[in-house]
Structures are given as C-alpha cells and as structure tokens.
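Asker: The chain contents come next:
Number of protein chains: 4
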Amino acid sequence: MTDTTAFIPQPRSPVEIDVRVRYAETDQMGVVYHANYLVWCEVARTELIRQRFLPYSELEKRGVILAVADLSIRYHAPARYEDDVRVRTWISEIRSRTVTFSYEIDRLANSEVDVRLATATVRLVALGADSRPRKLPDDLLRALAAD
Amino acid sequence: MTDTTAFIPQPRSPVEIDVRVRYAETDQMGVVYHANYLVWCEVARTELIRQRFLPYSELEKRGVILAVADLSIRYHAPARYEDDVRVRTWISEIRSRTVTFSYEIDRLANSEVDVRLATATVRLVALGADSRPRKLPDDLLRALAAD
Amino acid sequence: MTDTTAFIPQPRSPVEIDVRVRYAETDQMGVVYHANYLVWCEVARTELIRQRFLPYSELEKRGVILAVADLSIRYHAPARYEDDVRVRTWISEIRSRTVTFSYEIDRLANSEVDVRLATATVRLVALGADSRPRKLPDDLLRALAAD
Amino acid sequence: MTDTTAFIPQPRSPVEIDVRVRYAETDQMGVVYHANYLVWCEVARTELIRQRFLPYSELEKRGVILAVADLSIRYHAPARYEDDVRVRTWISEIRSRTVTFSYEIDRLANSEVDVRLATATVRLVALGADSRPRKLPDDLLRALAAD
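Quick mapping for you: the protein sequence lines, in order, are chains A, B, C and D.
Residue numbers for the first sequence follow numbering that gives the first Met the number 0, beginning at 0 and rising by one.
Residue numbers for the second sequence follow numbering that gives the first Met the number 0, beginning at 0 and rising by one.
Residue numbers for the third sequence follow numbering that gives the first Met the number 0, beginning at 0 and rising by one.
Residue numbers for the fourth sequence follow numbering that gives the first Met the number 0, beginning at 0 and rising by one.
Possibly wrong hints are sitting among the right ones.
[Stated by the list, open to error] Listed next, the stretches of chain B that the computed footprint assigns to chain A, with coverage defined by at least 3 CB atoms under 8 Å from CB atoms of chain A: (1) 18-26; (2) 35-42; (3) 52-66.
[Stated by the list, open to error] Only pairs whose alpha carbons sit at most 25 Å apart, straight line, appear in this in silico DSS-like list of lysine-lysine: (4) D:Lys60 - A:Lys60; (5) A:Lys134 - A:Lys60; (6) B:Lys134 - B:Lys60; (7) C:Lys60 - B:Lys60; (8) C:Lys134 - C:Lys60; (9) D:Lys134 - D:Lys60.
Note that these hints are calculated values from the structure, not bench results.
Note that the structure is a prediction, hence the values are computed from the model and not measured.
C-beta: ideal position from N, C-alpha, C; glycine also.
Whenever a hint applies, use it, and build me the whole structure from the sequences.
Answerer: Dropping the structure here:
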C-alpha cells in the first residue's frame, strides 16, 4: 500500500452517534453555527475509532496524532436548538498515511431520520509525536480497514 | 412572593446529565477550557426545565427568555478529553423574576462518580420578548418550585 | 445574470484582517482546533462586506441573511497560541443568489506573511427573513461585484 | 509573602484590549453567549502578562501554567454582533501561588466607553509542568506586582 494507491474499504455499517443541539451551538440566525457541525463529525469519528480500535486518547498516548488535512461540507437544511441530530460516519478511503471519513448528518423525528442537514468529508493525516507525517500504525490500519 | 423574599424550594432529586468530553472542548493545557464547563451547565439546566415543565425552546416561543444574570464557578480538578462527566443540577432559589441553579460536576469512573471537577451557581433572570425583565410565568414558577 | 451564468468579478485587492490566536482556540494537540479557522474566515468576509457595502448586521436588519451553503478548507501548517494570523479574502464568484469567498490564511512574522496555514472557499446563499432563498439585493450585488 | 497574606498591588493603569463581536460568539437570543465573555477576559489578561512580563506562551515553555481556579461574572447588558467591546483588566490581588484579575467589560460608541456590559473576577493558580501547584516564579511575581 502506497500513498498513490488508495485502499477503499468494503462497505459496512457506519457508526452513528446522536447529539442534542446545545444553546451554545446556535448563533443569532437562530440555527446552529456552521462550524459546529465539524465538532459533531469529530465526535462521530472518534467513536468509530473507539469501537474499531482504541479510544483516540490512547492513540495519542502512543504518539500517533490524526490531524485534519482538509475537509468539505455541504449544508442542506439548518439544525436548530434542542434538535436531535444523528451523525453517521464511515471510512471512505484509507492510504498509508491518511484516512478519509464521510458523514451524513440528519435531524431525527421520533428517533427516526427525518431531514438531511449536511454531508461532509474529512481527510486526516497521521503525525508522529514530532508533528511530522508518519505511516498509520499497522494495527490501526488493519482495524479501520477490517470489514 | 416578591423579589425581596426568596423562595427556597424543598430539597429533592437533582437532575443529572452525562457528557463525554469533546476534543474541541480541550485547550493546549491538555484539559477542558474553563469556559466550556458553563456550556455543560446550560445543557443540564435546560434538561431540568424540560423534565419539570417544557423544552426551553417552547418557553422562548412563548416569549420568555431566561438570560444569565451572574454566575460563579470553582474548579477543583481538570476534565480531560474523552472523560465521562456527570453534571448534577438543582434549583437553589426562586424569586419572582429570577431562578438560581446550583451545579456539581464530577468525573465518572465505571459509571460512578469518582472525582469532583467543579461546582457552580448560575442565576437567570426572566426577560420578555422585548428583552426587559418580567416575572416568571406562574406555571413555570410552580413547575420549578414543585417538589 | 442568472443562476446558471456565473459572474466572475475582476481581480482586485483582497480584504485582509489580522487576528491573534486565543488560548480558547487551541486544542490539546497544542494547535488551533480545525473548525476555528472558519470563524476567522467569517470575520474576514464580514469585514469585506462592511468595507464594500454595509455592516453585515445592517444587512440582516434589511431581511437579507447570507447563510453558508458549502465550504472546503485545506490545512497546510498549524497555527499556534499567540500567533499573529492574516486572513485575506476576496470574492471569487457571484451569481444571482450566491456569492463565493476565497481565503488565504497565513502566519505573520514581524508583520510580514511568513507561512501559509490554510486555504479555503466558502459559498454563501442569500435567504430572506422567511429563511427561503432569494436574489441578492441589487445594491449589494453591485457593491460586491464592483472593481 | 505567604498564601495567607495577600499582597494588594498599588493602583495603576489597567490594560485594555478591544474586540469586535464575532458572529460565532452570538447565540439565538441575538446576543453574545454568556460563556464567551470569559474568552475576552483571557485575551485581556494574557495581554497584561505580555506587556508586563513575557508572552504567556513563553511562560508555559518555562513550565509555568496559570490555571483558572475560580471566577465570577455579572452581566449588566448584552453585547451584540459587531459591537466594539473594551475589556479593562488589572491585578486585584497577588499571593505566592495565585493571582487574581478583575475586569470591566464595556461597549464602545465612537471609540468611547458607552455601556457597562459585565464585570468579572478570575483567580488563577500557578501549576508546574507536572500539573501540581507551585509558587509563582519570582520574576513573574515582581513584574505583575510592580507599579
């Protein structure tokens, strides 16, 4: 596996987390401030890492940092205060030094997905304790890629 | 009940919410940034209002805003990324125009309270849709004061 | 001018704002949390709107909201606490209902641009007071498009 | 100087910083979210430390952390989006291990103080690189206490 050969994981169940919108997350437009959706994405992807491998805090203690390299997000409908929001995330690409998460963010009604709020893609790059790029540890890579 | 006569509610079960510390909530000291505890307090008190009365968003639709008038918080130990944190809140005083919430914020270990992180008090004042102070609506006051 | 015909403004001086990194903006990685760069972009684009047209708050009072429709950002190097950061923004596309801002975010050393931190593009859509898409007001459109 | 004997610095010019309210700092009440005032206080006190001593980042590199031990804040009037806000801070008490900053937060009109928004007090405790309480370094203490 090299940086020029992407490894596309097989489809499998995404990981989902639910959040309730906090007052602090709204702005004077009466909706969630756009940058705050990215915080929810972070909560979802660390949950995926925890379920598949280890708490992310353990990863950092081992000297592996996953830093955001780039991201894109599209907003479909606004989230509002006290909305129940579901964030689904899955790994859409793994390379030797990077891992890309995709996201679907939806509003729930009666615990069911009701309205699409946003879709996003966030690419992370592995850094060592010295803040320089490094390969993803083999066990992490296998855990994330495993079906 | 007047503004100069405080009504102290009878002791009763506080409302508790649990939050897991988000990466976004930490700072470079490696702990939760001090202002973010106040966001958790807000999540806890709106949960108390929801359980005892109505979702806070409904209250605002009725033209009642509860704005923070003053607060104090003491930090006992730092919260860290991915910690499970419990926030207990209860109403420590109600007056005709203000309601005061007290908070105990603790770190959990194995779902049990383990370490006291912070204690806080937040006093809210009722404002009308015109942003001017007003009395708490009778039904809200009764709901919050009821044992 | 229709939604399918983009109007590309002529090149002209971008607007620049400088910010100093706040402690609250860092995370435990010791760098600025990735979502916070988008707040700086917002500060820069409202400054551009203020210089070319009106304070954004006046725009909202007139019933025109500019909501973020989508964005992308690429991180080149991390910003750190107390860094002096320059955000340059310019309008890269205007259509009848949308306006797109591009950004270059750099670290300063001795008041000169030193290191590229990030580049970003944010597309905004005009909404009316009813939260529905609307055309950009003519005077705003002319002010933003004027060389 | 011991922990039980407070040293009250002589009165002298406070340090002032100006901030313009960011959209991200508002909430759906249309005013600045209450916890965000504490971020401005942090910007003001690190500016005071920079002017009197060293950039706070240098202090941390020397293994001295100033962590918030407790704080109180009273809100007098709301700050709104694009308001120009002045934060004045001064040291109201120094002890061997703690330093207390007081704050006045005002809205400006035509570059002059116009309306009192909030007053606050924040007490910081010195921690070493091991996160345990330590004495303030002598040179920092002298710099902060000097008239």
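Asker: Take the hints in turn and mark each one as holding or not.
Answerer: Structure-based check of each hint:
Three residues within the 8 Å Cβ limit are the bar, and the stretch 18-26 of chain B against chain A gives 4, so the coverage statement holds. Closer than 8 Å: that is the beta-carbon criterion, and the stretch 35-42 of chain B has 3 residues meeting it against chain A, so the requirement of 3 holds. Beta-carbon proximity to chain A at under 8 Å applies to 3 residues in the stretch 52-66 of chain B; the threshold of 3 is reached and the given coverage holds. Taken as a hint, the Lys60 (chain D) and Lys60 (chain A) pair is honoured in the structure, with Cα atoms around 20 Å apart against an allowance of 25 Å.
Of the supplied pair hints, the one linking Lys134 (chain A) and Lys60 (chain A) holds, its CA atoms being roughly 16 Å apart against a limit of 25 Å. For the hint pairing Lys134 (chain B) with Lys60 (chain B), the CA-to-CA distance comes to about 16 Å; that is within 25 Å, so the pair holds. Between Lys60 (chain C) and Lys60 (chain B), the direct Cα distance comes to roughly 21 Å. Compliance with the 25 Å bound is thereby established for this hinted pair. Restraint check: the Cα-Cα separation between Lys134 (chain C) and Lys60 (chain C) comes to about 16 Å, which is no more than 25 Å; the hinted pair holds.
The hinted pair formed by Lys134 (chain D) and Lys60 (chain D) meets the criterion: a straight-line CA distance of about 16 Å does not exceed 25 Å.
No hint from the list above goes unmet by this structure.
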